[in-house]
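> Mind docking these for me? Both chains are given alone in their own frames, and the hints should help you get the complex.
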Amino acid sequence: MGMLGQFGKGLVNGVANGLWQPIAQTLDLAQVGVGILTLPFRDTPYQPHWFSAVGQAAESGNLTTAQQIELGLGSVPVLGVGVGVYGLTTSALNGDWNGFENQLGNVAGGLLLLKGGEYAGSTISAVNSLSSLDTSFLEAPQGNAVVPDSGASSLVNGARLNMQLTAEQAAGVRMPTQITGYSDHALEQIASRDSGIGVDQNALLDAWDNPSQINYVPSKYGPTFRLTGNNAAIVVNADGKVVTGWATSAAGAGQ
Amino acid sequence: MKNEFTNRQLELIEMLSANGNGACEHLSQKAAAGTLSSNEIEFLCGLISNELMMKGIEETFEPNAYGKELEALLDAVNRPRLHG
Chain L
1 MGMLGQFGKG LVNGVANGLW QPIAQTLDLA QVGVGILTLP FRDTPYQPHW
51 FSAVGQAAES GNLTTAQQIE LGLGSVPVLG VGVGVYGLTT SALNGDWNGF
101 ENQLGNVAGG LLLLKGGEYA GSTISAVNSL SSLDTSFLEA PQGNAVVPDS
151 GASSLVNGAR LNMQLTAEQA AGVRMPTQIT GYSDHALEQI ASRDSGIGVD
201 QNALLDAWDN PSQINYVPSK YGPTFRLTGN NAAIVVNADG KVVTGWATSA
251 AGAGQ
Chain W
1001 MKNEFTNRQL ELIEMLSANG NGACEHLSQK AAAGTLSSNE IEFLCGLISN
1051 ELMMKGIEET FEPNAYGKEL EALLDAVNRP RLHG
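These protein sequence lines are chains L and W, in that order.
Its first residue numbered 1, the first sequence is counted upward by one per residue in the working numbering.
Its first residue numbered 1001, the second sequence is counted upward by one per residue in the working numbering.
Extracted from the complex, chain W is given alone in its bound form (with noise of 0.2 Å):
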């Protein structure tokens, strides 16, 4: 299954890929391409899930609106690993 991202998604990702290293600038276009590796999917699951845990929750560990959001694009990204 092909991932399908929202501007907003994209922009999440190219944003955290930028905060990742260089290397990794042109996740975003894969993404948009629907062309990411499993490699690249595991990779941007960590960068996701670490955005979530520094910014995306509250004192109580539950999600802000910002951790929803996040947890959106896990899904996303994420989708292809998981119908093979």
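Next up, chain L with everything else stripped away, as it sits in the complex (with noise of 0.2 Å):
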């Protein structure tokens, strides 16, 4: 098959795995269930008849548990992209540019059903935002917080976003899409901490569009999470208010 063959085989499949496995893993599950609840009853356990494909894979026995992992976040619409780019960057590194080919078309398939919750997500931002919380010259609205750009920085979003999703399911709660306000614990620490330094603001709002790494960081009082960038750190709560924030180089410090 030809090099378009393949990017077109791997776009149907990405597209058709990102609609059809989350839906097959359901059902999956809700067989488990049936076999759990009529265990009691039956002599034989309820043999599944098992629709997704990780389902399949683990009982033919063809797969290691690793491969089988992969397959499982692969048929995730949102971490699937991140799979995708994972076999993209090992069939360039293998020489093998039929597999690159269909990778490719995965992950295109993959971005166009993210672009489809695009459009969902943008509605109910829109609904959200008729209740938003108060707006100042502080706040910055986070730049891609929740779905990834179309192009060549979607590859780069897409990691971040994968950062992002696993901080949230840590945390049970979405990350705030923008600061909506600073302690007066936070204001003070950027203007002078460490004895008069503190703290360069414009670093920490890169920290908040351009994080290299977000923690979800459990507080007493309610999830935090802490986005380090490329100068500085920011720790903000569920409600987008930070709390904290230091300099992580030379060049994020205040003076």
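Don't read these hints as lab results, they were simulated from the structure.
Careful: at least some of the hints might be erroneous.
Unchecked claim - Listed below are several chain L residues computed to face chain W (Cβ distance under 10 Å; list not exhaustive): (1) Thr180; (2) Ser183; (3) His185; (4) Ala186; (5) Arg193; (6) Ile197; (7) Pro218; (8) Thr228; (9) Ser249.
Said to hold, decoys possible - DSS-like, lysine-lysine: derived pairs with alpha carbons at most 27 Å apart: (10) W/Lys1068 to W/Lys1030; (11) W/Lys1068 to L/Lys220; (12) L/Lys241 to W/Lys1055; (13) W/Lys1068 to L/Lys241; (14) W/Lys1055 to W/Lys1068; (15) L/Lys220 to W/Lys1030; (16) L/Lys220 to L/Lys241; (17) W/Lys1030 to W/Lys1055.
Note that the Cβ used here is the ideal one computed from N, Cα and C, for glycine as well.
The following block contains the structure:
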């Protein structure tokens, strides 16, 4: 099959898997539930018919555990893009250009689905904005916080989105989409932490906009998120209030 | 610039490192000797930040006395990075 054919095949697979696999996994899960619930009433355990790719692979015994996990993650629309990028890189490193084209199609298919999600997400955001918190000069909507852009930057944004989703999953809440204010302590620290050195506000906002790391940090009073950028780190609570921040390099220092 | 720590701050580093994981228990010695690497500083700042959020803040997300102590520790640990 030609290179374009491999891309097309990957594209169709990417879209089809992104739509079908979550449904198939739900059906599989339901069967597990049926199996457990009917266990006391059956002589032999209920034998599920696996619908999902990962279920079928596990039953076949042809894949290693690591491969099954990769397949499972790849079946989730958002995480699937990240897994596809990993496959893309591996294929390129191995000189498997047919596989590269196929994976490229897979990633494109996943991004196509995410783009669909973006339209759904923007509708929800518009509804939420009706009850949004106060606006001030300190507010900073986070760039690409919810859904990645299309184009070359999408791969980077996909990695960022994965970090955010992992942190949100651990926190059990969504990360705030914008900075809504600063605690008094944060303002003091930005102005003069470490005997007057302070933190450069642009470095803090860059950490918010372009984090290289996002961590969920539990607190006694609700989840917080730590975003580490190139020159500063910032901690925000679930309401978008900056709790504290610090420079991580000389360029991030205030003076 | 070399880190300068009070005994209390070194105790805190030892306590936080011990809670982190066993491989990092030597960090308080390295901190005292002023030989923390950039990665170790980053790691310690993460531990201090975690402790700050868990035990060092009030309901308003303003720091309590322990939280202010932790912020001062973070500054002391972080100082070498800000001076190249």
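> So, against the hints stated earlier in the document, which numbers end up violated here?
Hints 1 and 15 are the ones this structure does not satisfy, whereas the remaining hints hold.
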